[in-house]
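Letter by letter, the chains look like this.
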Amino acid sequence: MAYTKRVDGRKFDELRPITAKVGIIPNADGSAMFAFGSTIAIAAVYGPKPLHPQHMQDPRTCILRCNYNMLPFSVTERAKPGPNRRSKEIGKVTEWALSSVVDLKRFPGTVIDVEIMILQANASTRCAGINAAAMALAHAGVPMKEMVASVSIGKIDDKIVTDVIKEEEDWEEGEGATDIPFSITSNSEQITHLQLDGKIQTKRLKEATEAALKACKKIHEVQKKALKEAEI
Amino acid sequence: MDISNLNKRQIADYLKQEQRLDGRDLLDYRDIKIETGISVNAEGTSRVRIGKTEVIVGVKMDTQEPYPDHDDEGTMMVGMEFSPIAGKRYENGPPGIDSIEVARIVDRGIRESGFIDWKKLCIKEGEKVWSIFIDIYAINDDGNILDASAIAAIAALKVAKFPVYDEKKEKVEFGKFTDEPLPLTDKIPFTMTFHKIGDKMFVDPNREEEDTSEGRLTVAISQPGKEKMINAMQKGSFEPITIEELEQTIKSAEKVYDNIFPKLLKQIEKLK
Chain A
1 MAYTKRVDGR KFDELRPITA KVGIIPNADG SAMFAFGSTI AIAAVYGPKP LHPQHMQDPR
61 TCILRCNYNM LPFSVTERAK PGPNRRSKEI GKVTEWALSS VVDLKRFPGT VIDVEIMILQ
121 ANASTRCAGI NAAAMALAHA GVPMKEMVAS VSIGKIDDKI VTDVIKEEED WEEGEGATDI
181 PFSITSNSEQ ITHLQLDGKI QTKRLKEATE AALKACKKIH EVQKKALKEA EI
Chain D
1 MDISNLNKRQ IADYLKQEQR LDGRDLLDYR DIKIETGISV NAEGTSRVRI GKTEVIVGVK
61 MDTQEPYPDH DDEGTMMVGM EFSPIAGKRY ENGPPGIDSI EVARIVDRGI RESGFIDWKK
121 LCIKEGEKVW SIFIDIYAIN DDGNILDASA IAAIAALKVA KFPVYDEKKE KVEFGKFTDE
181 PLPLTDKIPF TMTFHKIGDK MFVDPNREEE DTSEGRLTVA ISQPGKEKMI NAMQKGSFEP
241 ITIEELEQTI KSAEKVYDNI FPKLLKQIEK LK
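For the record, the sequence lines run as chains A and D.
Quick note, the first sequence lines up with residues 1 to 232 if you use this note's numbering.
Quick note, the second sequence lines up with residues 1 to 272 if you use this note's numbering.
Treat each hint with caution, since some may be false.
Stated by the list, open to error - Listed next, with one range per pair, are the computed distances between beta-carbon atoms:
no., chain 1, residue 1, chain 2, residue 2, range
1, A, 228, D, 52, 18 to 26 Å
2, D, 230, A, 49, 40 to 48 Å
3, D, 101, A, 60, 36 to 44 Å
4, A, 49, D, 101, 41 to 49 Å
No lab work stands behind these hints, which were simulated from the structure alone.
Glycine residues also receive a C-beta, built at the ideal position from the N, C-alpha and C atoms.
Kindly produce the complete structure, drawing on both the sequences and the hints.
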């Protein structure tokens with residue numbers, strides 16, 4: 001069966017309804033929640049603060065440390081709590097996605113900790129996490145050159161789709177499912193994070209990139225709006 | 001974030017006059033707010049806020065072989081994490097003793113009160129029973145995460161629904177739920193923690209009060225009939241308490257149960 005209509009009725013280039021809010025965790029220096037439909041991420045920023053142990057400090061720059069944590073009850077079959085290989089990799093690509101827009105050189109020898117929790121998962125959790133983390137950094141008042149927005153583009157059978165959900169991620173018919181998460185900076189439109197899992201014709205990647213760019217622009221507007229609405 | 005000695009002294013001085021910096025009485029809780037349905041893939045979830053303190057709890061279910069000494073009873077596991085999201089003082093890593101202690105106290109209150117009818121969680125005697133996983137996460141620690149966790153665990157259990165169980169395959173169909181609530185009784189435990197500063201005992205410390213606290217005593221009480229029952233107790237921290245203080249605290253616990261719990265119960269009963 002060809003993928004002619006999305007399982008949740010969205011247009012191929014349509015994002016799920018987005019909810020975004022900052023200032024959700026009073027203890028944190030900055031915090032945010034970001035949801036793509038039923039995928040919900042929250043993030044808290046602590047720092048810049050002195051980094052211990054001292055030998056981990058870098059006298060040239062601040063270190064951005066991201067931790068991705070998928071809660072055991074966020075998925076249908078309970079996930080074992082605690083870090084695993086997947087969460088460690090996602091934490092790392094999140095650091096790479098965000099580091100280049102943060103003015104880390106301003107705070108040598110320090111660390112900024114970004115804690116991401118996935119409360120409810122329906123695919124695209126890393127993208128929701130990166131969006132929440134970028135907003136939390138801005139909310140913390142960390143100097144940033146621009147924002148980062150993240151979206152997962154999929155190729156389901158032969159269709160390029162924006163903001164993949166679980167049923168699409170698990171699609172097996174036709175050409176199957178390909179998941180391509182992108183993170184793109186808001187002004188200079190540079191890609192700070194890109195992964196791919198599946199199979200896509202080389203000549204079709206451009207379509208995915210264009211879809212990502214379009215979606216990230218929309219996400220960026222939502223992020224900006226939520227930050228402007230923040231209660232200080 | 002650590003509290004200064006000056007603040008500690010002020011808190012202690014106020015307490016001598018039976019006063020608190022935020023104006024509460026010694027046996028007063030901050031506003032308690034319960035929300036449920038915060039994560040759809042779980043069998044039951046809740047968010048509890050006590051003042052600025054926030055915890056979330058998720059209940060997940062699966063099946064397993066029963067323990068040999070209780071071969072017709074379901075099982076329960078409580079996990080707790082003070083994630084670094086909750087405050088500057090927390091670091092990543094395996095659950096430390098603080099988390100383990102919270103999880104175990106919450107576990108004991110629920111287990112011993114008879115809130116769960118374990119026998120109704122049996123699928124096939126000696127072979128298969130339901131297991132309940134309760135995962136607790138501190139989201140914002142402004143003191144008294146322990147009591148918040150206990151309330152949130154009750155709320156999440158209250159709204160939890162069994163997942164679909166495929167009897168032929170003898171497997172849980174994860175992500176599909178029935179309308180059937182868990183076999184709970186009305187023996188709801190209320191876990192409250194008393195903190196000691198000087199010779200005064202008080203409940204629901206905020207962050208600074210908790211950091212000033214010299215000792216604590218947690219008491220879980222339920223009332224199955226006319227009499228109140230203590231289901232769990234734990235004395236934490238180094239400062240000893242006297243026998244008189246223990247007796248006084250139990251009296252206070254009954255008072256707190258009568259004053260705070262009915263309001264809480266009203267909120268819990270409304271939960272779906």
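Violated constraints from the hint list, given by number and in increasing order:
4
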